[in-house]
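*Asks:* Chains as they are written, first to last, in my numbering: chain A, 75 to 412; chain B, 75 to 412.
Check the hints yourself; a few may be wrong.
Which copy? The list can't say, so a pair holds if one copy fits it or any two copies do.
Derived lysine-lysine pairs resembling DSBU-like cross-links, with alpha carbons at most 35 angstroms apart [unchecked claim]:
(1) Lys374 to Lys118
(2) Lys401 to Lys185
(3) Lys185 to Lys360
(4) Lys150 to Lys360
(5) Lys118 to Lys387
(6) Lys401 to Lys360
(7) Lys118 to Lys345
Quick caveat, the hints were computed from the structure, so don't treat them as lab data.
Letter by letter, the chains look like this.
Number of protein chains: 2
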Amino acid sequence: MTQIDPLAIRQGDRRALSRALTLVENNHPGSREIQAALFPHSGKAHLIGITGAPGTGKSTLVNQLAKAFRQQEDQKIAPKVAIIAVDPTSPFSGGALLGDRIRMHDLAGDKGIFIRSMASRGALGGLAHSTAAFVTVLDGAGFDLILIETVGAGQAEVDIARLAHTVVVVEAPGLGDDIQAIKAGILEIADILVVNKSDRPEAENTARALQAMLDMAHGGGSLSSAGKHMLRGNAGTKTIDNQPEHHWKPSIHLVTATNGDGINQLAADIKRHRIYLQETGLWQVKEENRLRRDLDALIKDMLLLQWQQKIDKAWFDAVLSDVIARKRTPIEAAEALI
Amino acid sequence: MTQIDPLAIRQGDRRALSRALTLVENNHPGSREIQAALFPHSGKAHLIGITGAPGTGKSTLVNQLAKAFRQQEDQKIAPKVAIIAVDPTSPFSGGALLGDRIRMHDLAGDKGIFIRSMASRGALGGLAHSTAAFVTVLDGAGFDLILIETVGAGQAEVDIARLAHTVVVVEAPGLGDDIQAIKAGILEIADILVVNKSDRPEAENTARALQAMLDMAHGGGSLSSAGKHMLRGNAGTKTIDNQPEHHWKPSIHLVTATNGDGINQLAADIKRHRIYLQETGLWQVKEENRLRRDLDALIKDMLLLQWQQKIDKAWFDAVLSDVIARKRTPIEAAEALI
Chain A
75 MTQIDPLAIR QGDRRALSRA LTLVENNHPG SREIQAALFP HSGKAHLIGI TGAPGTGKST
135 LVNQLAKAFR QQEDQKIAPK VAIIAVDPTS PFSGGALLGD RIRMHDLAGD KGIFIRSMAS
195 RGALGGLAHS TAAFVTVLDG AGFDLILIET VGAGQAEVDI ARLAHTVVVV EAPGLGDDIQ
255 AIKAGILEIA DILVVNKSDR PEAENTARAL QAMLDMAHGG GSLSSAGKHM LRGNAGTKTI
315 DNQPEHHWKP SIHLVTATNG DGINQLAADI KRHRIYLQET GLWQVKEENR LRRDLDALIK
375 DMLLLQWQQK IDKAWFDAVL SDVIARKRTP IEAAEALI
Chain B
75 MTQIDPLAIR QGDRRALSRA LTLVENNHPG SREIQAALFP HSGKAHLIGI TGAPGTGKST
135 LVNQLAKAFR QQEDQKIAPK VAIIAVDPTS PFSGGALLGD RIRMHDLAGD KGIFIRSMAS
195 RGALGGLAHS TAAFVTVLDG AGFDLILIET VGAGQAEVDI ARLAHTVVVV EAPGLGDDIQ
255 AIKAGILEIA DILVVNKSDR PEAENTARAL QAMLDMAHGG GSLSSAGKHM LRGNAGTKTI
315 DNQPEHHWKP SIHLVTATNG DGINQLAADI KRHRIYLQET GLWQVKEENR LRRDLDALIK
375 DMLLLQWQQK IDKAWFDAVL SDVIARKRTP IEAAEALI
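Required output: the full structure, derived from the provided sequences and hints.
*Replies:* Spelled out as structure tokens, the structure:
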């Protein structure tokens with residue numbers, strides 16, 4: 075049952091692929107072999123992280139982007155697109171599965187798009203490693219674009235989005251009024267910003283608030299205040315220049331995912347970011363950083379496991395009791411134990 | 075400069091307290107001594123975690139709650155209240171500081187309320203440990219209630235909220251329509267649910283959606299569908315029964331933080347949760363779990379540090395190169411290195 079042929083996965087067998095991902099998600103020993111077989115073939119896919127608070131319409135946006143990537147005019151062969159919906163807050167993945175079904179219905183019929191949610195926790199290296207392992211399998215399976223959608227906009231989600239080459243941060247109108255809503259930390263990792271639901275009247279205020287924060291954080295972004303019609307959907311999202319850049323300026327896109335407004339321009343800008351990364355050598359730097367972080371997380375978890383197997387339980391319990399009795403601080407206790 | 079007298083902190087010297095928290099935030103060696111001096115006096119404060127997505131109006135709610143706790147009628151002496159605003163996504167804490175200033179203005183003049191934001195990252199044990207250390211200092215300083223507000227509703231925020239005895243999850247109307255918005259995982263850790271901005275028409279739909287999810291997750295909550303007027307602000311938030319419970323049923327509160335509607339009932343319910351925890355012995359269980367988790371996080375980080383000091387750098391780099399060349403998977407590399 076756990077015998078899955080990596081070659082079948084590479085040849086496009088979706089059932090074998092699904093089963094392989096399930097092994098990875100369950101941290102099944104058999105998943106190691108599959109990862110080892112596919113890893114040498116990976117490293118080609120463009121990883122796109124999409125993050126944003128609940129209610130910003132991320133899932134609809136991701137679906138529309140997947141369709142847009144399939145249909146871009148400047149390509150002879152439609153790329154294969156995978157979507158990983160990472161849902162760290164749902165240990166049962168019930169919600170994710172419901173979401174999956176609705177989404178699959180929307181994208182059904184296109185064999186070039188593969189969707190999978192991931193709610194695994196507690197494995198070695200944590201959720202970030204599980205996501206990295208999913209990426210290895212999908213990348214090795216030949217997907218050209220992998221959209222990693224994270225639910226929520228907290229630190230764990232940001233860390234996962236950081237796995238990607240290109241980080242897209244999604245906001246919705248109205249949040250601009252909320253001091254807490256637009257966080258400098260999230261803006262710092264954004265390569266591209268999206269104000270979704272741009273048919274709402276407050277959309278441009280939100281874009282302007284984002285622009286003001288970008289100006290502070292990056293010393294300038296690419297949304298011009300020249301005229302509001304320039305910012306919108308089919309009228310063309312304004313991106314400052316077309317010559318190869320040595321410093322990426324995050325652009326702000328006003329889109330309406332529900333009707334597709336602005337999606338093609340967003341897809342084109344994501345592609346432009348890939349070219350920028352490749353021309354500047356940053357692609358390789360990001361790849362190396364990503365693998366390095368994954369390795370560090372695994373080492374950390376393995377060290378703890380190893381230590382737990384060696385430690386004298388009675389002694390550990392005695393020290394823990396001291397902490398609970400507030401005789402030693404946790405940091406003093408940790409130092410004593412190691 | 076780093077000489078801070080723990081006794082001054084215990085006697086209510088706010089400047090000494092602020093300086094001590096800065097040492098903790100910066101992971102300054104001097105902070106250890108202060109923590110060690112205050113730790114034996116800690117363990118009395120009621121820790122209340124308040125989490126929810128951006129835009130739900132958490133900060134206003136937390137301010138109002140702090141005021142309500144100060145003024146509850148059934149108490150002879152007003153309790154001292156501390157607010158920790160944890161902001162993991164803002165490494166510069168610029169946003170948090172701006173927020174602080176606005177909030178301090180709102181609560182100015184009440185010396186029984188202390189507000190502090192925390193944006194520290196990267197210290198041993200991570201943000202959760204930094205928050206725990208803040209709690210130790212504030213608890214040891216004699217604060218009776220500590221409100222831990224986390225920005226965002228991601229996994230890191232949930233983990234921090236979990237530090238608390240009582241977890242309050244805040245939602246806003248309208249998010250109920252979004253499959254992604256209300257996560258089973260967040261509901262599972264909620265002791266009390268709040269629908270803020272309940273003056274909006276969709277508020278009761280959101281409450282009903284939450285109730286439906288609670289029924290699934292817990293097998294029943296305390297919001298009755300008897301009549302909508304029962305649910306609202308001054309008319310009284312419905313909580314099912316008053317006898318001591320052996321199983322806590324999360325209640326749903328419709329409040330409007332901006333005008334104070336429903337805040338007193340919410341404050342009373344939080345107090346009721348404390349009594350429930352103490353009567354069932356769960357208070358002590360939660361204390362122990364919290365200290366245990368903090369100890370585990372510290373041990374994990376210290377093990378990595380120790381290992382990094384011992385490892386042969388050239389060998390590590392060689393193995394890392396293999397990973398980057400995709401000759402070994404990260405998991406194979408981690409196993410080889412340890």
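*Asks:* Against each hint, give a clear statement of whether it holds in the structure.
*Replies:* Hint-by-hint comparison with the structure:
1. Lys374 to Lys118: The answer is both: 28 angstroms in one copy and 34 angstroms across copies each meet 35 angstroms.
2. Lys401 to Lys185: Answer is between: at 31 angstroms across copies they meet the 35 angstroms cutoff, but 62 angstroms inside does not.
3. Lys185 to Lys360: within (30 angstroms within a copy, 49 angstroms between copies)
4. Lys150 to Lys360: within (28 angstroms within a copy, 60 angstroms between copies)
5. Lys118 to Lys387: For Lys118 and Lys387, only the inter-copy Cα distance (29 angstroms) is at most 35 angstroms; the intra-copy one is 47 angstroms.
6. Lys401 to Lys360: between (46 angstroms within a copy, 18 angstroms between copies)
7. Lys118 to Lys345: within (14 angstroms within a copy, 56 angstroms between copies)
In the structure shown, no violation is registered for any of the earlier numbered hints.
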